[in-house]
Structure formats: C-alpha cells, structure tokens
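Next come the chains, spelled out residue by residue.
Number of protein chains: 2
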Amino acid sequence: MTKQQLIDNIRRKRSFLCVGLDTDIAKIPQHLLDLDDPIFAFNRAIIESTAEYCIAYKPNLAFYESLGSRGIASLEKTLEYLKAYHPDQFVIADAKRGDVGNTAEMYARCFFEKMHFDAVTLAPYMGADSISPFLGYQGKWAILLALTSNRGASDFQLMRTAKGDRLFESVIKASMQWAGDDAIMFVAGATQAEMIADLRKIAPQHFLLVPGIGAQGGSLRQVVENGMNRDCGLIVNASRSIIYADRGPQFDAAASQAAAQIQSEMDEYLREWDL
Amino acid sequence: MTKQQLIDNIRRKRSFLCVGLDTDIAKIPQHLLDLDDPIFAFNRAIIESTAEYCIAYKPNLAFYESLGSRGIASLEKTLEYLKAYHPDQFVIADAKRGDVGNTAEMYARCFFEKMHFDAVTLAPYMGADSISPFLGYQGKWAILLALTSNRGASDFQLMRTAKGDRLFESVIKASMQWAGDDAIMFVAGATQAEMIADLRKIAPQHFLLVPGIGAQGGSLRQVVENGMNRDCGLIVNASRSIIYADRGPQFDAAASQAAAQIQSEMDEYLREWDL
Chain F
242 MTKQQLIDNI RRKRSFLCVG LDTDIAKIPQ HLLDLDDPIF AFNRAIIEST AEYCIAYKPN
302 LAFYESLGSR GIASLEKTLE YLKAYHPDQF VIADAKRGDV GNTAEMYARC FFEKMHFDAV
362 TLAPYMGADS ISPFLGYQGK WAILLALTSN RGASDFQLMR TAKGDRLFES VIKASMQWAG
422 DDAIMFVAGA TQAEMIADLR KIAPQHFLLV PGIGAQGGSL RQVVENGMNR DCGLIVNASR
482 SIIYADRGPQ FDAAASQAAA QIQSEMDEYL REWDL
Chain Y
242 MTKQQLIDNI RRKRSFLCVG LDTDIAKIPQ HLLDLDDPIF AFNRAIIEST AEYCIAYKPN
302 LAFYESLGSR GIASLEKTLE YLKAYHPDQF VIADAKRGDV GNTAEMYARC FFEKMHFDAV
362 TLAPYMGADS ISPFLGYQGK WAILLALTSN RGASDFQLMR TAKGDRLFES VIKASMQWAG
422 DDAIMFVAGA TQAEMIADLR KIAPQHFLLV PGIGAQGGSL RQVVENGMNR DCGLIVNASR
482 SIIYADRGPQ FDAAASQAAA QIQSEMDEYL REWDL
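Protein sequence lines correspond, in order, to chains F and Y.
Per the working numbering, the first sequence runs over residues 242 to 516.
Per the working numbering, the second sequence runs over residues 242 to 516.
Warning: the hint list may mix true and false statements.
Note: identical chains are not told apart, hence a pair may lie in one copy or across any two.
[As the list claims (entries may be wrong)] Here are the simulated DSS-like pairs of lysine-lysine, each with C-alpha atoms no more than 25 Å apart in a straight line:
#: 1; residue 1: Lys318; residue 2: Lys355
#: 2; residue 1: Lys404; residue 2: Lys414
#: 3; residue 1: Lys268; residue 2: Lys355
#: 4; residue 1: Lys324; residue 2: Lys355
#: 5; residue 1: Lys355; residue 2: Lys381
#: 6; residue 1: Lys254; residue 2: Lys244
#: 7; residue 1: Lys268; residue 2: Lys318
Please keep in mind that the hints were generated in silico from the structure rather than gathered at the bench.
Okay, chain F solo, but in the shape it has when bound (with noise of 0.2 Å):
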C-alpha cells in the first residue's frame, strides 16, 4: 500500500486506528475453544466486528510463534483473510526483527512475498544493512523501533550520544538516509507522547506507529497534539482493550462498541486537524 492510499483510507474511513491481533489462546471466549482453529475463528470475528472502524491490523508474531507450527497456520490463514475480503487494510508484522543480510532478505521475502505483509517492525541495533533488504519493495514498509512505550525505553533510547542526540533520535536520522517516508515509518510509543514532538522535528512527514494507547495508558490526545501532521501522520494501534473488551460470548459486538468509540474521538481530532 502507497502512503497515498494510506492517507486516502483514512480521510474516508476518519479512522487512523489499527487493531493489534495479539490472539492468546488463555483470554479468547471458551465457546470458541471446541472449534477447530479458535485462533482464527477469534481473529475473523474480531476483523468482521472492528474492520469499518480502523485502517490497519497488526498481528504481533509472538502470540502466534508461541503455538509452535499450529499458531503459524492460524496466521496464515488470517492474512489470507483479509486479503480476500478486506484488501484495503493496511497489515502489518510486529515481528520486532533485526538480522544480518541474507537472513533480513529471508524474512523480507517471507512477510512482504509469501504472507502479503504491508509492513513489518524492525529493530534497528544492527544497522543498515538489516534494514535495507525490507525497502526494496514498492508499496511495502519497513516500521523501526525509535523510542517504544515500555519502561525499558529509557536505558538505551533515551541515552545521549556522544553529539549531544539521543539514541532514538540517531536512529531516525540515519534511517533518513537509507529511504524516504514512503517506504520507512518509526514506533513512537503513546506513553511518550512528549517525545513524539521532539522526532516530528527530526521526521515531519512519516508516519508513526503507535502503540500505548488503552491498556498501557497513553492518551490519544495528546499523541495527535504532538504529533499529527496535514498527512495525518499516525496510525495509532489498540489491542487488548479492543480484542478484550468483554471475553464472553458478546466479545465481538464489545470489540465492535471499543473500536467505535476510538474512531468517533478519531474523527473529531481529524476534522480539527482540516482533515
């Protein structure tokens, strides 16, 4: 997806909200446990209750990898999903990968080729080249993480280098370097919603993948307050407070009424953007 349909999405549907599809077996509904992959059945009741109040997916690969090859297959079947019936949503791998060349071209080929991955996040600690095998592809994305919403952020992220930046802010200037903002975005975490002012002036026109915001406790609006642009500019991720707003049978109608309720508040901050 270009950043043009990107924007396009979001203008139309008045949404940047991204669902995070961190599926565990131990928190979806028990009636779902009997059918033969409850994984999936959860992931595909979740998208049909949340997909016309968000723009993204974000399946985080940990929940999945921890099933061992059965949870693979729940992935699997997931992405084809939604690339058969909603195309316009932009997926994204939270995959948090960092590897040398030709295994960064494994994975690159792995998520953007065989599982039609938009976009997926990388750690940037080993540089350049285990970034650059994922920015050859039109219309796919490469998401580093720059400053996170964890506590552990602070112990190298925030450190001052030696010419006075910080980590996170190094980072974003050297990836400046390797592509532009139609192929890179950065993980700026809601929970540092002060900080993301100081990357919009290193970065004014990417994107940013947020998390935090919900269960971690990041607020909205003071993300967009820092950092929307005239793009929009934030694709602002919610999971548990989404995918287990009620963990019974109603699960997907209270996943439904949590998405909406972000979207509407989306929606005002985007017309008070002219947007």
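Starting from the known structure of chain F, arrange chain Y on it as the hints suggest.
Just chain Y now, with coordinates in the frame of chain F:
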C-alpha cells in the same frame, strides 16, 4: 545447562564449536527433496555427522519461519531429536527477539518451556524489561546482541555515548546489573576481533557467542587471542562453511570433515591456554 556443565563439555570434547543450522531448502542436496521433511532429514544428517566435534547447535529461526508452519514443524522435530539423542548439546535459538514485557514472557515460555532451547539471542534496544523475562529460568540463557559481525554494526553499536562508552559497551554494563554470567552471554562477531579485547575488559567472566568465522571471514586465532578466558568463555559458531561444505550426496561426510578440522584447531588453542 549450567555454566559449569558447558565448561565440562568443552573440556571433555576439546571443542567450543557451535554448528549453525541455517538450513535453506534451496541449498540442501537434491536427493533429500523427495523426502517427507527434507529440512529435518538434512538437520538430522548434519547433527549425526558433526555432534562429536561440537558442543552446541544454533538454528537461525528465520530459515524455518520463512517456510511458514511447515518450517516450524521441521524445527520442532529437530529440537525433539536433539533432546532425545544429544541431550549434552547446548541448543541456541538464534531469534534476535526483543519485545515488551508480556510478549517477552510469551517468547521465553515458547523457547525455554515448549521448545526446550537452552538459550535465545536477544536484541537489547528495548531495554531491561524486554530481557528480564528470560532471566528467571535456572540453567537457561539470554544471549544479548552486543557487537555483531555485519557491516551495519558500526551504525549504532560503535556510536560514542556522552559518557564516552561505545553503545555496545553501555549495553554490556547495563545488562550486568540485570543478571550475572550464569544467565547472560553476549554476541561478539569474529569480524570485530580487536574489539573483543575491549569487551573482555568489561566482562572478563562471561561466555561470548562468536559468529563470523568461516564464510564471513573472521579468524579463529584472533578470536581466541582476544577473547579466551580461563573457562574458555567462547562458543564459536560456523554455519555455511560446515553445513554446505559439499552440496552433493556426500554432504554429511564433508560436514563432518569441516567440523573435525575446526575442532582440531580448537583443541590446540585449549591446550595452549591450559584447558
């Protein structure tokens, strides 16, 4: 596996070699492709022909994930095989993961409880709470990326911080507050041999996992001179130069010979260091 067991294995087998199971369906001998599970068949043959010369195996998960659920099934079978027939081998998940707390916990359970790996490689960018879930398991190890063997290592890992350290040195110092040398190892690329000496000044007791000899061109002698300590303290990995030593029907004999040659060189170094 505890640190003492690992040291005992190294002394007994006169080897600190790790064989990297970077098994690529496009590179394995033709005659295996007709089998039910060519990846597992290849791994089993490689393990049988190299086990006497090495003390560890390291599947890079990218190679299995890139084949989807089928690839993960091959990996699971390989691990079950190792556990059943070679329980004295130290088995490393080369996963380079790094994610927030609850996801990291899920990965730790997956690699240590479900798949019975002894160790997992982790990217440190997200800080303490992305690593600590891996540190509570007796006899299991977190192997942190410190100084990698690729060119991009210089982009961030060698960056000077305001305190005067390079980033990889800050990572090592910080992680030493999280756990001791019985739970943490560091990745240090053989292509950076002179910097391994700097790393040793900070972490004299830790085991180092050293990729980059063989196909990547690092020198085993230089690694030993800069990195060996009185426990050996090194696990040196070779992948392609062993598993693809010959790509015809005699691949296993060729792998055996390639591993034996490295082991014999390692035996010499161990004797030079009175081990």
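Against the structure, the hints:
In the homo-oligomer, the alpha carbons of Lys318 and Lys355 lie at most 25 Å apart both inside one protomer (12 Å) and across protomers (23 Å), since each shortest distance falls under that limit. Proximity of Lys404 to Lys414 under the C-alpha cut-off of 25 Å is found in both arrangements, the shortest distances being 12 Å within a copy and 21 Å between copies. Taking identical chains as interchangeable, the C-alpha atoms of Lys268 and Lys355 lie at most 25 Å apart only when they sit on different chains, with a minimum of 19 Å there against 29 Å within one chain. For the identical chains of this complex, Lys324 and Lys355 are intra-copy neighbours only, at 12 Å inside a copy versus 31 Å across copies, given an alpha-carbon limit of 25 Å.
In the homo-oligomer, the alpha carbons of Lys355 and Lys381 lie at most 25 Å apart inside one protomer (13 Å), although the nearest pairing across protomers, at 33 Å, exceeds that limit. Taking the shortest Cα distances, Lys254 and Lys244 sit within 25 Å of each other inside one copy (15 Å), while across copies they are farther apart (56 Å). Taking the shortest alpha-carbon separations for Lys268 and Lys318, only the intra-copy value of 20 Å comes in at or below 25 Å, while the best inter-copy value is 28 Å.
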